[in-house]
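Enquirer: Top to bottom, those sequences are chains W and G. According to our numbering, the residues represented by the first sequence are 310 to 423, in order. According to our numbering, the residues represented by the second sequence are 58 to 170, in order.
Rather than coming from a laboratory, the hints here were simulated on the basis of the structure. There may be inaccurate statements among the hints.
[What the hints assert, rightly or not] Pairs of lysine to aspartate or glutamate residues, derived as EDC-like cross-links and limited to a Cα-Cα distance of at most 20 Å, are as follows: (1) Lys93(G) to Glu139(G); (2) Lys158(G) to Glu350(W); (3) Lys101(G) to Asp347(W).
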Amino acid sequence: GQQLNQSPQSMFIQEGEDVSMNCTSSSIFNTWLWYKQDPGEGPVLLIALYKAGELTSNGRLTAQFGITRKDSFLNISASIPSDVGIYFCAGTNAGGTSYGKLTFGQGTILTVHP
Amino acid sequence: DTAVSQTPKYLVTQMGNDKSIKCEQNLGHDTMYWYKQDSKKFLKIMFSYNNKELIINETVPNRFSPKSPDKAHLNLHINSLELGDSAVYFCASSLTRGAQKAFFGQGTRLTVV
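Taking the hints into account, I'd like the entire structure generated from these sequences.
Expert: This is how it looks when you write it as structure tokens:
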């Protein structure tokens with residue numbers, strides 16, 4: 310089955326620094342999503358990407374849908390303490406028999422030091 | 058108002074018991090899901106229902122039985138609970154069966170002792 314490899318597994322950064330994380334897949338997706346999970350909460354959708362090569366921003370967050378359709382990247386600029394959490398990539402193939410099933414990466418644990 | 062709500066948030070129970078987790082969404086979505094998050098935070102889909110019809114059934118022990126009385130509710134019943142069932146269970150919903158964006162509930166932390 311499809312597998313996602315997300316890296317890095319964890320990051321420890323200083324407030325104000327930029328952050329990059331990425332996700333690669335063994336097969337193609339037609340949609341990539343990035344979620345953030347705070348402790349004790351469910352994942353919250355940050356950015357959705359629908360086309361290969363697409364670059365989308367949400368405030369200080371920018372994500373890209375890789376041209377090969379097998380990868381995606383998330384950048385966070387000028388990190389702040391509330392960026393702390395676990396970031397997940399997820400891929401799906403809308404339509405067909407996937408029925409909205411999301412395949413998740415292993416997560417990147419982000420720690421921001423004030 | 059909470060969009061996707063699950064109850065209970067915490068559930069501690071003994072091995073061999075039967076328990077249920079309830080989920081409700083007020084987003085008007087047609088499709089609902091159950092995901093399991095293990096101790097390493099890995100999220101994996103278990104089931105999906107579209108308009109009360111089961112459309113995704115991953116390799117899950119048949120002790121787990123989802124039930125959808127209507128498209129706004131998806132409950133998860135677990136029989137004969139085992140230690141390995143301890144995890145956080147998330148309910149989610151999306152607009153349609155082909156919709157890409159899923160919205161998650163706060164999760165139910167199940168601990169089997």
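Enquirer: Hint by hint, note whether the structure agrees.
Expert: We went through each hint and held it up to the structure:
no., hint, verdict
1, Lys93(G) to Glu139(G), "holds, 15 Å"
2, Lys158(G) to Glu350(W), "holds, 18 Å"
3, Lys101(G) to Asp347(W), "holds, 18 Å"
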